[in-house]
Amino acid sequence: MKEDLEKKFVALLEENAGIIYKVTRIYARNSDDAEDLRQEVIYQAWRSYPRFKGESKFSTWLYKIALNTALTHKAKEEKRKSIPEQSVISQSETLSDSKELLIKYIRQFNDAEKLIIMLHLDGYSNDEIALIAGISKNHVAVKLHRIKEKLALNLKENTNGN
Amino acid sequence: MEIKSSWQEMDKEENLLPKGDIKKGMHLKKEDVIRKLNKRLAWKIAFTAIFTPFYFLAIFIVVSLIGKALFAFIGLFHILGLIFFIRQYRIAKAFDPSQMSVREVLQGYLENIHKTVRLEERAGLFLYPFAGSAGFVFSLSQAGKMDEALANPKIWLVLLVTLLIITPIAHYSAKWLNKKTFKSYTDLLETRLAQLDEN
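Line by line, the protein sequences give chains A and B. Quick note: the first sequence, position 106, residue 106 per my numbering, numbers continuous. Quick note: the second sequence, position 93, residue 93 per my numbering, numbers continuous.
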């Protein structure tokens with residue numbers, strides 16, 4: 001019984017690996033922190049999984065857990081000199097330059113803005129983002145408008161620079 | 001660059017989450033701040049449950065009425081503490097981030113830490129003088145010099161001075177330790193909560 005549950009959970013996580021990957025890339029400070037955060041998200045998801053009744057899509061449920069975990073996560077104090085994020089997360093090497101650039105710009109937002117833009121880019125409506133974040137729909141719209149402007153400006157500057 | 005499609009295409013990359021990492025995460029041993037706090041709470045419950053009967057036992061050992069009253073008071077206070085700790089522990093364990101918004105989770109974590117720490121500190125401040133006095137009376141009673149000692153004003157003065165020194169030291173040490181353990185974390189949560197609210 002437990003084995004079945006475990007197998008099903010692992011399969012669902014693999015299907016939705018992109019969510020954990022993106023949340024980790026956006027919120028973690030360095031490679032050690034990325035590993036800690038990734039495992040913490042998986043731990044929290046596994047702990048809550050028996051209560052998952054399928055009322056929402058698994059991806060939405062997982063996104064919520066991943067974001068809640070990222071926003072309550074505290075990176076360990078860095079004792080040694082920090083290594084730049086891009087050079088330490090192994091999977092990043094497989095991403096194209098445009099995707100890396102996008103990650104780089106989203107990482108520059110504050111933690112609440114990161115949450116809103118990530119969900120928006122993954123196709124969530126303002127209503128759904130408001131529910132996940134716990135703020136009003138209007139507030140989401142205002143923030144999102146500003147974030148998109150900043151993001152577009154950064155990308156434009158980058159294009160002009162090249 | 002098409003932002004949305006670039007972002008969504010990341011989901012299709014290979015090996016985003018190795019199986020080994022999933023297994024490791026499912027059986028994670030490391031504890032985050034909240035699990036450490038809950039563990040601390042569990043230890044307090046165990047510690048209080050083990051030691052509270054001894055205070056009631058001391059009521060029968062101590063001869064003097066003052067001693068009996070002090071130990072009875074401390075025992076009852078510990079029972080109240082035990083009830084609070086168990087209640088707080090159950091609330092903390094029932095906390096489910098999959099059912100709550102980010103704002104609710106941030107507020108819940110902050111409330112959990114503040115409530116537990118505040119009550120611990122206040123209860124300690126209230127209890128230290130009684131615990132100190134009980135210990136003092138108990139040792140006098142064991143030495144068999146109770147009546148003689150209670151009649152001596154110098155003994156009362158020594159007790160008073162000791163309590164005046166010990167109580168603030170114990171209180172501020174506990175406060176300092178809690179601050180050292182939780183302050184940077186609660187600051188971080190408050191910053192994130194403020195970021196959600198700011199326009």
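FYI, nobody ran anything at the bench for these hints, they're computed from the structure. Mixed in with the good hints, there may be bad ones.
[Stated by the list, open to error] Facing chain B, from chain A, some residues (calculated, C-beta under 8 angstroms):
1) Glu14
2) Phe52
3) Thr60
4) Ile65
5) Leu71
6) Lys74
7) Leu131
8) Ile135
Beta carbons: idealized from backbone N, C-alpha and C, even for Gly.
Status of each hint after checking the structure:
1. For Glu14(A), the interface hint holds, since its Cβ comes within 8 angstroms of a Cβ in chain B; the closest pair sits about 7 angstroms apart.
2. Look at Phe52(A): its Cβ gets to within about 7 angstroms of chain B, closer than 8 angstroms, so that hint holds up.
3. Proximity of Thr60(A) to chain B is violated relative to the hint, the smallest CB-CB distance being about 10 angstroms (cut-off 8 angstroms).
4. The restraint placing Ile65(A) at the interface with chain B holds, with a minimum CB-CB distance near 5 angstroms, inside the 8 angstroms limit.
5. Against a cut-off of 8 angstroms between C-beta atoms, the interface hint on Leu71(A) holds, since the closest Cβ of chain B lies about 5 angstroms away.
6. This hint holds: Lys74(A) has a C-beta 5 angstroms from the nearest C-beta of chain B, less than the 8 angstroms allowed.
7. The criterion of a C-beta within 8 angstroms of any C-beta in chain B is met by Leu131(A), whose closest approach is roughly 6 angstroms, and the hint holds.
8. This hint holds: Ile135(A) has a C-beta 6 angstroms from the nearest C-beta of chain B, less than the 8 angstroms allowed.
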